[in-house]
Every structure is written in structure tokens, then in C-alpha cells.
Amino acid sequence: EADIYQTPRYLVIGTGKKITLECSQTMGHDKMYWYQQDPGMELHLIHYSYGVNSTEKGDLSSESTVSRIRTEHFPLTLESARPSHTSQYLCATQDRGGHETQYFGPGTRLLVL
Amino acid sequence: KNQVEQSPQSLIILEGKNCTLQCNYTVSPFSNLRWYKQDTGRGPVSLTIMTFSENTKSNGRYTATLDADTKQSSLHITASQLSDSASYICVVSDRGSTLGRLYFGRGTQLTVWP
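Each protein sequence line maps, in turn, to chains X and G.
Counting in my numbering, the first sequence runs from 1 upward without gaps.
Counting in my numbering, the second sequence runs from 1 upward without gaps.
Excised from the complex, chain G in its bound form:
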């Protein structure tokens, strides 16, 4: 069964600190992995996307890494801001069908305190 597991489930950090969120997946065949940010009451917004050949991708203070061999990804947030408080969702796409379906993790709920 294709799955995407994220950890931790929730995380509280102080403003200005760094943090790392984890994503493990078993989706096969693998196409790409995305990290989305979902603010409360809003739809998810794409932060980064990585294909099989990419092992790191940055978007401002967000840096995602991918190890396709161990099927692990991480999202590192540098110098956190209050606006980083949100749910961060790992999404993996397969190529096993013409649908190119997406597998969603349950997200890590990040809270940044002043």
C-alpha cells in the first residue's frame, strides 16, 4: 500500500529558530515529491517540488531535501517567523497510472511562538 508518513505530527518553536520536518514514503514508482504549506482555513500552496534526480531544492527560507534511495524527504525552515505557523504537507506523485495520482501525508502542524 502506497503511503506517506510525516513526523512530527505537531511542533512548537520560538520565532527565529530553525526546524526540520520529516516525510517518509513508500510510493512506487516514484515521480516527484512536493511540500505544501496550508494555512488554517485555506487551501494548500506549493512550496517546493523535487524529482528523482534532485536531492535539494530551496524556496527562500524553506529548503527541501530528498533521498530517493531511502525514500525520505525533509523540509528545513530557517529563522522561523510567526507567519510560518501552518500545516506542512508532503505529497508524493506516482507514475503507475495515467492519472499520475497524488499521495498526501497528514501534515505537520507547526506553531511559531513570539
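Bound-form chain X, shown alone:
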């Protein structure tokens, strides 16, 4: 079954640690996105990719980095986590259809102490 997977679902980590949030998909979509969402607030685009070896920064300034070595994987890395990084991170893919609907993973809730 086509789906989007995010791991871990929940993460509590100390300041200064390096973390990688995983996103993998079996949707067969080329376009992938990372969003940051705080409670009661809108989603903010932090990174996106149109395919292998393609990565771009989004609207929200972020200290994270991404890579796209394989179509199925789009990991997001924080080199040194800070309390300000506490948030929910959502991975999404987009099809090539006329409506370009985005499909979201379940999210990773990150708490940096």
C-alpha cells in the first residue's frame, strides 16, 4: 500500500545533540517537502525537493539540512538541536496530477530540552 512513513514519531532530546528525522515514501512521487507546525499555527515550508539530488530551502528560515540521494528518502538533519526547534515536523509528497495534491506523513513531534 502506498504510504509515507516518518520516524521517530516522538523524540525528546537534549540541547546540542545532532538528530535526523527520517521520511520515506512508497507513493512513487518525485516531489517531497518538509513542514514545521507549531500548535494552533499554520504549516511553514522549510525544505523541498523535486527529485534526486535536488533540494531547496523553503520560506521559513531553518537551521536544518536535507538530502535526497534516493527518490524514496528525504531525511532532515539538525546538527545541534536547540529548544527553539521544539515543534512538529511533517513530511509530504506531491503527485504530478493536475491538482497537485500533497500527501502528508504522520509527523514527528520533537521536544528539545
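Simulated from the structure, these hints should not be mistaken for lab results.
The structure displayed is predicted, hence computed values, not measured ones.
One or more hints might be untrue.
DSS-like cross-link-like pairs, simulated, lysine-lysine; straight-line CA separation at most 30 Å [said to hold, decoys possible]:
#	chain 1	residue 1	chain 2	residue 2
1	G	Lys57	X	Lys31
2	X	Lys31	X	Lys17
3	X	Lys31	G	Lys71
Derived DEER-like restraints, expressed as beta-carbon distance ranges [unchecked claim]:
#	chain 1	residue 1	chain 2	residue 2	range
4	G	Ala68	X	Gly40	24 to 32 Å
5	X	Pro8	G	Phe52	37 to 45 Å
6	X	Glu22	G	Leu11	17 to 25 Å
7	X	Pro39	G	Ile13	38 to 46 Å
8	G	Val45	X	Tyr10	15 to 23 Å
9	G	Thr56	X	Gly14	47 to 55 Å
10	G	His76	X	Ser67	41 to 49 Å
We put the CB at the ideal spot given by N, CA and C, even for glycine.
Fit chain G to the given chain X structure using the hints.
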């Protein structure tokens, strides 16, 4: 500045009742408008999508309307169920760039009580 504003911010209704959520936008040029449902702790799931030429779209008990002239949309939920409790997010897409970027509202938090 392109914006998507949703109202009310939160809403509580009794099971079986109807409700209507509002979305006003200033995104231009307009491509399409989507309504997403986001359950707590989950990612958003698309409910409906409407282009410029469509003024209503239904998905089961969910009916979305669009007035492109006034740049307003609504999502009407009929005969609400407990499982309708979620955040409903209005998302507008523009065609001003090759990105076809999305503009997200902050959502309306709906709680359905038994």
C-alpha cells in the same frame, strides 16, 4: 502579502449537528483551494479541492463552496460525528511561480461532543 484567514479559531458542537467553517484568502494569482482534515498527532488529509471554475464540491458529509470573486470558501459538515473532531485547514495554491506554492491557514479546531 498572500494570506489565508480561517474562522472561527475553534468550535464546539453536539453530535448530529451541522456546522460551517470559513476561509478568506488574498492569494493571487489563484490556482486552487483545498480543505484538509488534521487529526491530533497526525498529518493533514485532503478532503476537497476546487479550482477557479468550481463553486461547490462534496465529499460525503463534507461540502465545500468557493466564491472566487469575494475570495471566500466555506466547509459545511452535515450530521457531525465524534470522528469529525479535528483541525480543518484551508490551503490555497498560487500560480505565481514555478513552485506553485501553498498558503496554509491556521485551521479551525472542531470538537464534537456526544
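Hints, verified against the model:
Between Lys57/G and Lys31/X the CA atoms are separated by roughly 26 Å; this keeps the pair inside 30 Å, and the hint holds. With a CA separation close to 29 Å, the supplied pair Lys31/X and Lys17/X stays within the 30 Å bound. Of the supplied pair hints, the one linking Lys31/X and Lys71/G holds, its CA atoms being roughly 28 Å apart against a limit of 30 Å. At roughly 28 Å, the beta-carbon separation of Ala68/G and Gly40/X lies within the given 24 to 32 Å, and the hint holds.
Checked against the hint of 37 to 45 Å, the pair Pro8/X and Phe52/G passes, with Cβ atoms roughly 41 Å apart. Roughly 35 Å separates the CB atoms of Glu22/X and Leu11/G, a value that falls outside the hinted 17 to 25 Å. Checked against the given bound of 38 to 46 Å, the beta carbons of Pro39/X and Ile13/G, roughly 21 Å apart, lie outside it. At roughly 20 Å, the beta-carbon separation of Val45/G and Tyr10/X lies within the given 15 to 23 Å, and the hint holds.
Separation of Thr56/G from Gly14/X is about 51 Å and conforms to the stated range, judged on CB atoms against 47 to 55 Å. One distance hint, 41 to 49 Å for the beta-carbon pair His76/G and Ser67/X, holds here, with the actual separation near 43 Å.
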